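Number of protein chains: 4
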Amino acid sequence: MKLYFETDYMAGTHSEILERLVATNYEETVGYGCDQYTQKAVELIKKAVGKDNARVHFLVGGTQTNSTVIDGLLSRHEGVLAAESGHINVHESGAIEACGHKVLTLPEYEGKVKAEDVENYISNFYADDTYLHMVAPGMLYISFPTEYGTIYTKKELQDIHSVCKKWNIPLYIDGARLGYGLAAEGNDVSLQDIANLCDVFYIGGTKLGALFGEAVVVCNDSLLKNFFPLIKQHGALLAKGRLLGLQFECLFSNNLYERVSRHAVDMAMKIKQAFIAKGYNPVVNSNTNQQFFLLPNDFMDKLSEDVGFELWGPRGEKETKVRFVTSWATKEEDVDLLIKRLNF
Amino acid sequence: MKLYFETDYMAGTHSEILERLVATNYEETVGYGCDQYTQKAVELIKKAVGKDNARVHFLVGGTQTNSTVIDGLLSRHEGVLAAESGHINVHESGAIEACGHKVLTLPEYEGKVKAEDVENYISNFYADDTYLHMVAPGMLYISFPTEYGTIYTKKELQDIHSVCKKWNIPLYIDGARLGYGLAAEGNDVSLQDIANLCDVFYIGGTKLGALFGEAVVVCNDSLLKNFFPLIKQHGALLAKGRLLGLQFECLFSNNLYERVSRHAVDMAMKIKQAFIAKGYNPVVNSNTNQQFFLLPNDFMDKLSEDVGFELWGPRGEKETKVRFVTSWATKEEDVDLLIKRLNF
Amino acid sequence: MKLYFETDYMAGTHSEILERLVATNYEETVGYGCDQYTQKAVELIKKAVGKDNARVHFLVGGTQTNSTVIDGLLSRHEGVLAAESGHINVHESGAIEACGHKVLTLPEYEGKVKAEDVENYISNFYADDTYLHMVAPGMLYISFPTEYGTIYTKKELQDIHSVCKKWNIPLYIDGARLGYGLAAEGNDVSLQDIANLCDVFYIGGTKLGALFGEAVVVCNDSLLKNFFPLIKQHGALLAKGRLLGLQFECLFSNNLYERVSRHAVDMAMKIKQAFIAKGYNPVVNSNTNQQFFLLPNDFMDKLSEDVGFELWGPRGEKETKVRFVTSWATKEEDVDLLIKRLNF
Amino acid sequence: MKLYFETDYMAGTHSEILERLVATNYEETVGYGCDQYTQKAVELIKKAVGKDNARVHFLVGGTQTNSTVIDGLLSRHEGVLAAESGHINVHESGAIEACGHKVLTLPEYEGKVKAEDVENYISNFYADDTYLHMVAPGMLYISFPTEYGTIYTKKELQDIHSVCKKWNIPLYIDGARLGYGLAAEGNDVSLQDIANLCDVFYIGGTKLGALFGEAVVVCNDSLLKNFFPLIKQHGALLAKGRLLGLQFECLFSNNLYERVSRHAVDMAMKIKQAFIAKGYNPVVNSNTNQQFFLLPNDFMDKLSEDVGFELWGPRGEKETKVRFVTSWATKEEDVDLLIKRLNF
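Chains as they are written, first to last, in our numbering: chain A, 1 to 344; chain B, 1 to 344; chain C, 1 to 344; chain D, 1 to 344.
Note that these hints are calculated values from the structure, not bench results.
Bear in mind the structure is a predicted one, so any value in this text is a computation, not a measurement.
Any given hint could turn out to be false.
Copies of the same chain look alike in the list, so a pair counts if it works inside one copy or between any two.
Below are the DSS-like pairs computed for lysine-lysine, each with C-alpha atoms no more than 27 Å apart in a straight line [to be verified]:
1. Lys-340 <-> Lys-154
2. Lys-340 <-> Lys-270
3. Lys-225 <-> Lys-166
4. Lys-165 <-> Lys-225
5. Lys-272 <-> Lys-40
6. Lys-278 <-> Lys-47
7. Lys-270 <-> Lys-165
8. Lys-166 <-> Lys-278
9. Lys-40 <-> Lys-2
10. Lys-2 <-> Lys-47
11. Lys-46 <-> Lys-278
12. Lys-318 <-> Lys-154
13. Lys-302 <-> Lys-165
14. Lys-318 <-> Lys-165
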């Protein structure tokens with residue numbers, strides 16, 4: 001029997017969402033998110049993030065969300081600051097550049113950026129006599145948790161936010177796996193903190209129990225004022241928009257978003273402890289649903305016979321970096337089986 | 001009780017598809033369309049269109065499909081020919097131009113273009129001494145059925161295809177409502193004809209029984225060779241790609257695609273006859289699921305109290321053009337109720 | 001001996017400018033327009049247009065000027081309104097669309113747009129329920145004189161400007177041949193009027209005595225605040241920027257701009273009268289340096305043996321529309337020779 | 001008296017070119033490079049580079065040349081490999097990204113890239129399971145000489161060219177200062193070698209004696225087949241195209257290009273030796289017209305009182321990197337004065 005730890009988007013949707021989709025399937029509503037389910041989801045999210053004047057928009061997937069938001073926030077002569085390892089810099093097939101904007105890279109520390117690096121980048125930029133010939137840093141992109149599963153402390157977020165405010169550039173947080181970060185061991189950041197410490201962020205659904213869908217929260221209401229036609233222009237407007245509303249209504253009812261997040265993190269922690277016990281220390285200090293290990297190739301090859309996981313970068317000569325991912329859908333019995341197989 | 005004839009994307013998905021989505025919901029598969037359901041759907045579609053060497057890709061919605069395909073087909077200095085009324089020219093928020101390409105407009109005849117207009121456009125273009133300063137016609141976009149519900153005859157398609165071949169430009173068919181066109185009364189074009197008479201087309205799912213999803217069929221296999229990263233770049237790659245595969249597997253099993261199409265067309269024909277009987281002749285000669293009438297404003301206002309339909313353009317002073325749309329989800333009892341209400 | 005009436009950019013530069021270029025050739029100045037000649041030209045132009053707070057930028061050519069200005073004025077979801085015959089819509093190889101923006105076309109009346117058409121376009125746009133799926137009219141482009149040599153009256157400009165102010169969209173005037181418009185018989189618009197009745201315009205140099213160069217005047221100083229990096233991004237920043245400054249300093253000293261403009265218009269009027277006397281009425285009511293006639297093909301062919309002019313569109317079956325253009329460089333003796341040849 | 005060593009584009013044009021521009025100023029020729037001077041220049045360049053089937057196009061400046069060429073060479077899903085320090089990556093205000101393409105950076109060694117780094121980048125790219133989600137390396141950009149004045153040996157160019165051929169991606173050489181590289185002490189690369197070892201390159205005119213202008217040489221004639229409308233679309237088509245032709249005709253007559261190059265390099269070598277003698281070793285091993293030194297701030301400040309040079313990056317705390325540049329226009333007496341001033 002094959003075990004699946006490749007990604008967090010392998011199964012369909014959480015049972016509570018599935019039931020709602022089935023129950024409402026034959027209803028007829030207006031399209032493009034002008035329906036009541038979407039309106040309800042917007043209200044629930046505004047309440048959850050603690051921002052009455054926030055605007056909330058629903059898109060289908062992460063790459064399209066990033067490119068649409070960033071395209072809307074930047075002026076033509078500006079680029080977006082991001083960690084070297086940021087998803088927009090690596091794994092979106094150049095979607096940001098396809099909109100005309102350069103990704104300006106910062107050093108990454110287990111996927112995170114440092115406030116002082118942002119400060120230095122911007123102050124050095126304006127200290128350079130030739131800066132008018134260079135791409136101006138027009139916003140900052142970070143991910144929470146990062147592509148390596150790490151999270152920012154509240155203090156780190158505050159510092160980053162302060163630098164952005166000082167230089168008057170928006171801070172945008174990619175929350176493709178937001179729930180898994182909020183549920184992480186040792187996390188001291190709340191959903192409300194996120195909303196208070198950035199200008200725009202999105203709450204990932206695809207990887208957290210929804211079939212698909214991401215909820216963009218515009219906290220700074222002076223931004224993205226013409227977002228609807230931009231969503232359409234980016235091909236990111238779902239005809240049957242209520243499907244997005246329905247799913248987020250579910251996720252933000254009865255603590256579903258928290259429940260699915262906590263489950264995945266618990267499963268990841270079990271896996272992490274098992275690898276450590278076996279002598280394989282994680283190569284990244286992640287307390288979220290992604291765990292990274294450097295495995296000897298022969299061990300890795302054996303394990304891969306009936307366990308699914310991903311190589312993280314090219315195969316090494318003797319050892320290779322791999323990633324194990326849990327999700328809302330990960331069954332505890334599968335985790336136990338995986339742990340047993342570590343001992344072959 | 002409210003009746004809904006606004007659009008063909010108001011309900012969820014056909015029961016046969018819903019059952020499949022539910023049945024497979026907890027399965028874990030690889031993402032991005034590399035799963036077996038998608039593979040199966042590809043095979044079914046290749047068989048249905050009669051092209052062994054076709055390539056098939058699944059995207060989420062129509063606008064993103066159009067912009068991704070067109071972006072992939074054109075060189076930087078080229079634009080896309082389309083009817084003045086073409087969806088890409090009117091209702092996609094400039095998605096084509098956002099990719100850098102001009103939409104070059106042709107006269108429309110109830111939404112259709114004429115082969116001779118295409119021929120004239122291109123031959124006049126190259127006859128103009130200044131053509132190197134103008135946007136070269138690099139492909140032709142047509143829709144089947146058109147935005148007005150009309151369809152091309154086989155002869156018309158052949159003529160258009162010939163002009164495109166003569167000038168060596170790809171012909172792309174937007175099939176957002178393809179099934180409703182194939183099922184239209186008087187239609188003499190088969191799905192295989194479509195595949196033989198163009199270079200690329202797509203089979204619409206969103207409006208024909210799927211929750212969402214469009215299947216791009218690349219008939220001319222010398223084109224769109226690097227389509228996967230382009231889909232990703234356009235934000236059009238669904239993480240849980242199997243959802244698309246599953247739905248198209250269903251649509252192309254047990255004639256589901258034909259059945260849902262025929263039903264909608266039958267319902268539309270009943271509506272059409274009722275309006276005609278009542279003295280309101282259609283303003284467009286459509287035999288598909290969209291019907292257009294010019295209604296006196298007071299009659300329209302009364303009708304709109306408990307019947308949903310769309311204005312087609314701005315409200316007129318005395319009369320207004322309106323659109324009634326049926327779909328796979330339209331219930332015959334609702335059509336009968338509508339017809340009854342025409343007689344208030 | 002061949003006579004040249006094809007275009008107004010066939011000769012080099014006016015003798016007064018040539019002298020200055022030669023006199024200063026070996027001076028060493030900083031690049032990119034930060035030199036004193038450019039500063040001087042900016043001051044002269046601000047004075048000439050009567051706007052102390054205007055900003056002035058120098059670019060090399062017309063197409064790059066149009067695309068850089070329009071790219072800077074529009075938001076991503078917006079397009080630019082222009083006459084069907086507008087240069088940006090026809091003869092710039094899709095430069096506007098290459099920046100991501102649709103050209104939204106208006107009817108043209110000898111190349112001009114009507115205020116009421118602008119008003120109708122915008123009010124119909126916002127009256128349409130589906131406008132959020134369409135490209136918003138974000139600015140208006142007009143040319144003075146137009147591509148057909150016609151000019152707006154002051155009243156017409158005021159009306160157009162009012163509509164733009166009402167809808168809060170910038171008005172941009174392409175002044176590639178501005179001087180020839182200001183010098184036209186019957187013109188009641190001054191350079192200061194132009195500056196007062198639009199938000200941004202440019203003063204064409206290439207066609208009016210300079211070797212090359214266009215001066216963008218930003219009258220509404222809330223716009224185009226980051227124009228310098230945008231000029232660079234568009235590849236429109238001349239390294240030896242002082243060449244532009246020097247030329248415009250010349251053009252705006254000793255009334256050179258007016259003198260070259262008036263000369264060309266005088267020559268064009270002589271040609272116009274000669275054609276009329278010969279029985280060929282102009283097909284466009286132009287009093288500027290471009291004159292359009294419909295000539296019988298045999299007459300045209302004979303004439304073309306030793307006179308240069310351009311076909312305006314494709315050759316007709318029996319008659320063809322042609323264009324005769326004069327410039328600052330047109331010699332009166334050549335005009336007289338042309339007139340003589342009309343009588344062969 | 002102020003001395004100027006800031007850049008190589010501070011003066012106008014070489015006397016031989018100036019004379020030609022003056023002599024031909026009042027001639028009337030067709031526009032857009034269809035004139036005889038341009039034709040002549042094309043022939044001279046084809047002969048000089050030793051490629052009968054090359055195509056040659058003239059543009060105005062470097063940034064527009066780079067973005068037009070790169071835009072023409074890449075497919076939409078591809079990016080351009082370049083040194084971290086490459087001009088397109090640093091000092092073109094994001095012109096490449098504005099066309100939709102990512103700049104993929106390689107380590108730089110005094111501005112140069114290594115063939116093995118190119119090989120590793122590409123082979124690692126295709127070894128990565130997720131490469132279809134990443135920007136494909138579609139071409140390589142290098143500069144000769146580099147932004148730091150260094151040059152590639154023939155062996156290095158051959159190795160780089162081999163890697164590009166192996167992976168079937170075009171190699172494009174930015175020759176903004178090509179002549180200064182060819183004239184460098186120790187250079188073993190000829191103009192013909194350049195043409196044989198890349199697919200496209202350009203011969204810089206702006207910095208080598210012309211008023212402005214760059215000559216693109218398409219060595220691989222299967223590429224850039226529709227370059228003319230792309231030049232227009234990029235706003236890079238000069239109306240009075242003959243000005244470019246004339247200047248390059250001059251540069252490639254009577255060895256002018258070599259003469260101006262050699263002069264500048266000789267002057268730079270004198271400066272280099274003087275700094276070395278004074279104890280300031282160059283921080284880059286450049287034998288071309290750009291020389292870089294790390295100077296103590298107080299020394300630098302004193303020197304800057306009557307000598308012009310540029311900071312290379314932000315001012316350091318105690319020492320700052322500076323750049324001295326010579327050109328065809330640098331007078332030997334000024335170099336001698338500079339050297340004298342090093343001894344204050």
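Are any of the numbered hints broken by this structure? If so, which, sorted upward?
1, 5, 6, 7, 8, 10, 11, 12, 13 and 14
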